[in-house]
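Asks: Go by the hints and put chains B, C and D onto chain A.
Here is how the chains run, residue by residue.
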Amino acid sequence: MQWASWSAFFNMGGYAFYVWFSFGLTALCVLWEVYALRQRSRDALRLAQLLAQD
Amino acid sequence: MNQTWLTVLRRDLLLALRRRSDIATTLFFFVIVSSLFPLGIGPEPAVLSSIAPGVLWVAALLAGMISLSRLFAADSADGSLEQMLLAPQPLAWLVSAKIFAHWLVCGLPVVLLAPLIGLQYAMPNDALWVLVYSLLLGTPTLSLIGAIGAALTLGVRGSGLLVALLVLPLYIPTLIFGAGAVAASAHGMSAEAHLSLLAAVSLLSLVLAPLATAAALRISVE
Amino acid sequence: MLIAQGLACVRGDRLLFKDLGFVLEAGSLLYVLGENGSGKSSLLRMLCGLLTPEQGEILWAGKSIKNHAELYLPNLKYLGHLNGLKDDLTALENLQMGARIAGQDVTATAALAALTAIGIARCANLPVRVLSQGQKRRVALAALWLSRSPLWILDEPFAALDVAATEVLAARISEHLAAGGMTILTSHQDVPIQAKSTVTLSLSA
Amino acid sequence: MHMNWFKYSSPQTFYPLAGKMIPWFFWAASLLCAVGLYVSFAIAPTDFQQGEAYRIIFVHVPAAWMSMFIYLVMAGWAAMGLALNARLSAMMAQALAPTGAMFTLLALVTGSLWGKPMWGTWWVWDARLTSELILLFLYLGFMALQSSIDDPRRADRAGALLALVGVVNVPIIYFSVKWWNTLHQGSSINMGVAPKMAATMLLGMLLMALAFWMYSVAVALMRVRCIMLERERSSDWVQSLSAKGSK
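Chains as they are written, first to last, in this note's numbering: chain A, 25 to 78; chain B, 24 to 245; chain C, 403 to 607; chain D, 114 to 360.
Honestly, the hints are just simulated from the structure, not real lab data.
Not one of these hints is a red herring.
Only part of the chain C face toward chain D is listed, based on derived beta-carbon distances under 10 Å: (1) Val412; (2) Arg413; (3) Gly414; (4) Asp415; (5) Thr454.
Here the structure is a predicted model, which is why all the values come from computation and not from measurement.
Yeah, the Cβ is synthetic: ideal placement off N, Cα and C, and Gly gets one too.
So that you can see chain A by itself, here it is in the shape it has in the complex (with noise of 0.2 Å):
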């Protein structure tokens, strides 16, 4: 193990910024993205429930 304490761990040696940034803003593009596309599916599901009553 590499780390003493858990605020070491995120302290990061100093960059914690830089590296939570990186890895956190990484983590919310996956997750708005898979977000994003469920509600995109429901979308199109409802659109062509949509037309179907027409």
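Replies: Okay, now just chains B, C and D, sitting in the frame of chain A:
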């Protein structure tokens, strides 16, 4: 075969001659863009001569680009594009005549005018010659690659801006080698390596771009 | 001989037609009828190879026109609803250059004769820009007097023509058919064309 | 074999198949990501020169790899779509582009977040970052072209052609940017990975890259399903699908 090629070339040149204002617009755009930089940066000759290669090349690139939308748009609107697609000759061959005409009308004048603008930028004499060589080798590539973009965006909404987005990234190697040649010569180094790479890019696009443009036109008229 | 088999055409979301087929032999005329939007123009463009059919194939002399365009295109003369004329060129220049791009060398005398035949010789040296719609159409149609292609595909050739010009054109098409040519055309009006055999194809919207 | 391919290349058979595959790819991605993160943070040693900041490479490098890899795969699907006139191939190419663009953007942002503590500037015009920037332009051009053409068939074919033109140009662009970079000494900072890299560091990067790969496949399948639904909204199979969903 050559007869048809020459006819396409002659027709496009004749049309350009009857609409001289179009040529003037491209040239004027080139002149005005390259004159804006000294106004924005300041008139110090040392600064100007160091940015000159890049500025002149970017200006030439943009001037070539704004005229791209005319390459096939009129032909598509009046139906002569359809006729060209149905000609017995290979489309890529006819397209190369149109691209050559475009270069003669929009590229060559810029090449000839560039050294004059270079003088305004306090460029050394040797570098001015290299500027002309590099533009002579590089501007055909701009027309060739640009033709692909023009054909892909034919009749698409917002095609003027779209063509810039498609084509400008593909212009980067030409820009790097072209401006690099002039900069090398301005620093007293040999521009030969740059110019050979520029020629290599031009040759490659000369072979591939008409084929890609022809394919893009076929897709666009469907 | 032109053969179409099982053609289907889709534009956007709409299926315009399917299972369309015909055989066109030397000397025969194919009339394509149908309302606006029924796919007449699409069918003609498909027969030229400008549009790829969703299904089916088109054969010229037994060979697919898609794979053997170099055999097919020299035999084809197409006139769409666009005239294919350059506004800044004169009628004569348009005609000559158009023919040359289609692979045919045409002298100024021959081009002038074609313009005379359809009655528009006096506009020969005017830029097409100043001509009326009907006059432009006639300049484009004059190319038929120069064409040596056996297959003509004409989209509404009679639109915007006066009675005299209509007659002249119909006579020219009859002459072409009599000489063993083939013609495919769409038209809104009845035109007196003499043909060995006439096939009518109706597209429903 | 031949028939099989045509069977799965029709949207209504591919749609449920993709639906079944997606969870598996997501599970693989999560698992690889978990192991990868453990290796990157718990096992990989601190770098002598860069301290802990170097750990950014565990997202930066895999994202950069994926951005280029996805472009290649996209061009491959595009070529297949053009050659075989297969709708599914073109849809796959279209489905990959946004994910590729996202990874390109991530590679750029994380690269700049890495550069700031190391060289004190947010942006260096080094060969890698500059090429990534140009790659982003290529992705954006592809997406812009596809979205501005209304007819889906034309959009597919035009996009495919552009992807092919792009893929021919990518090596030339990369070479020219490298050349340009070595000539201009002023900005000769090389952001390449340190030559003496511990094996665990490499392992971490590989695991993360694999995780991104699996994720990309899953997301591309999700997106291709959306595209199918949108394009074939009036077809029978979408109608019955949406009717089933509403019950």
